[in-house]
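Q: Please model the entire structure based on the sequences and the hints provided.
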Amino acid sequence: MSLPVISDYYIKDSKSGKPIPVVNDVHLHSAYNPEKEAQAFVDKHIEDLKKSNKVLVLGLGFGYHLSQILYHLRREFDSNFTVWVVEPNMSVYLDWRELFSADQETNLNIVAGVDVEELYKEKEFQTFLLDKPKLIAHPASFNLYQEYFKSFLTFSTSDFSEDIADYIHDSVFKNYILETFKGQTFDKTINTIQTKEKLTREDFIFLMVDEFKKQGEIGEAHE
Amino acid sequence: MNNILVINLKRFGDIFMMGNTLASLQKKYPSANISVITFDEFKRGAKILSNVSSIHTINRKRLLTIANNRIFSDGIALNLISENLLEVENTKWDLVVNYSNDKISTYLTSVISKRCHYKGVKFNNKHIVEYSNDWALIFNDILTADFNSPFHFVDAYQKIIGGEHVQGKDLVKTNPEHNETAFKNLNKIRAKESVNGKEPKLIGIQIYTSDESKSLDEYEVCALIERLLDNPNYYPMLLCAPFENERKVANSINENFENKLITIESDFLALPSVLLNLDAIITPDTSIKHMADLLDTPMVEISKGLSPYKKQGSISPGNFIIRATEETRFEEISEVSEYCLDNIFNHKGTTIPTVETCIVKRVTRDQYGVMFEPVFGDIQNVDYFRYLASRELIGGFLINPSAKSELIYKKEFSNLKERTKFILNEKQEIADITRALLSSLRSNLQLQDGIKAGAENFLKSFDSLLAFCERKSLGQIPVLYFRAKVETLPNLSKTENIKAIEHHLYNLKAHLKGVISVLDSIQGIEAIVTKPMQEATL
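In order, the protein sequence lines correspond to chains A and B. The letter at position 185 of the first sequence is residue 185 when you use my numbering, and the numbering goes up by one with no holes. The letter at position 468 of the second sequence is residue 468 when you use my numbering, and the numbering goes up by one with no holes.
The hints are simulated quantities; they were obtained by calculation from the structure and are not laboratory data. Computed from a prediction, not measured in an experiment: that's the story for all the values here. Be careful, since some hints might not be right.
[Said to hold, decoys possible] Estimated spans, in silico, between C-beta atoms of each pair:
#1 B:THR57 <-> A:HIS169: 37 to 47 Å
#2 B:ASN59 <-> A:LYS51: 19 to 29 Å
#3 A:GLU35 <-> B:LYS43: 42 to 52 Å
#4 A:GLY183 <-> B:GLU456: 54 to 64 Å
#5 B:GLU356 <-> A:THR192: 55 to 65 Å
We put the CB at the ideal spot given by N, CA and C, even for glycine.
A: Structure (structure tokens):
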């Protein structure tokens, strides 16, 4: 999914004196009091923020809601939390950084102006997603960049061997996949392996992953 | 033998039960370092086992998330497993043991054993199952086929690795500080609760299991506690882990006793010290039971629902297992539990309880391993005869059909009427299997001779023969063995495979003769034993 088209962007002052971005004629925060609006918005998520120290925010704007989220996380978890923000509009991000001297927060990661497919290839981001963070979507940003965020939420990675091989660090394993299973999907690869004359170490690893897929996502372990 | 790797990808109960196998391995190879592979979330179970020099882990939850979410590439999972495996492969292993025997552990064994020996089951590089010995086949294909396994899994593992049973309290690591605290505190309670100078036995009651079908209901636990509180010989205490859900259960039970009961809350680090200092525990089928076995803590196990006590019940001699059914009243459970405790502690003047619906077994050992001797119910009936005869068959005849061994069970078969019924039914079943076997042999020879109808006849008779794998009988055992052998035939030519099947059919014939031999031996007991067994022979 390519980045949204920005036809018009400017900054204006709200009635309370705080700057707000206006993108394609859409005010990304309240034109009256963006800080108060942000507080009311994040207050609805307080109980969730108490339960999870990992939060994914869709949409940065000028970060008024982000400040509130960080405030609550610090109260609950001190410095033990991580927040990632996905913002498709690089210009808004750069202005936010300049206007608020922001980006100093060590627990905060912002990805701006990145294509969805590229975003999912980012290793640190993947690791963060594996911890199943709490998702908070900034309403104005989500509505404005709907196509982008929808494609983010419904993203489905390629299961072709050439794309799978991108994630393999061991060059022997990587080359084996590229040479042996060229053009095949994961499922087709499993079928190929099951009919092979002689299985290799790498084939057994594929079979292990296939077995994990068959188990589905199981709940908490006990006993 | 320097480095042994044991792969166990199961849950806490199986991790603790593995402690027995590790002890056997250490005894057999005293200078070996034994390492273990577990899933990450069960590592803390392996950490407290003695004989474990290092633990490798696989992050199961992460792999499941990756494998089952389309936003993550399968490449991430492949890479993660490859990196985990590289770490393990960096060590020069002399032996790898496939303990958990599931597909993933078998694939792991298949990779790691390319450069070392293995025990258990693996896939060869043609993806065909291979067994390290006959006991690996028996474990994988026979013992798991029946809920009422004739052999305990602990014994099967020992036969697979060729080790001996090790009994003792030092199979679990304990913390000296926790030991001292538990010793002092529990002794204080004994002193406080003593009646006329006699201290009661402290009985820990495990109140929680994650599987509802195996759990004791709250009123069952309360009835048990009430009964023990009424008996000056005992003082019951609740056992739970430091988790909110278990505390809730403990609090709810305690409300029925005006919050006067003592709850011992301990994690896996402290629990061994608690179990060492309690006099006994009463528990459903939980991982705690396996830990108690490793520490030789006397135990009454209450087996409910899907709990497979014959495969994975308590193994320490002198313990009791109460197999309750849906019809078992909670009064019966508490009465019988008290009776079992009286026998564990040799208290005189015990009243024999009214046992209507549950089966009670005492854990003993014989030359085949762990044995469950009936105390109430299941005495001198067909199920028990089949259990004993299966042990004789597998232990004595299946592995070595030409061996002539004496039956070890004789007085157990003294009920002539039930025994005769059992033998007649089993011999009829053998006759049916033999007919199917001969039909398969005939059509197999037809196939070899190139007779046109051979293939169709063979498939039909082969299907009929394999149908006996699903029928509960002594004959089921050799047919399961036969099926496992056929399923693991190497990839030979069609002619070679047909010949190989012929060979296995003849082996099956020999094994069926072994079954007849066992049945005849049982029939032959008639002249020796004349008195029937009494119930509750404690």
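Q: Could you check the structure against the hints above and give me the numbers of any it violates, in ascending order?
A: Those not satisfied are hints 1 and 4.
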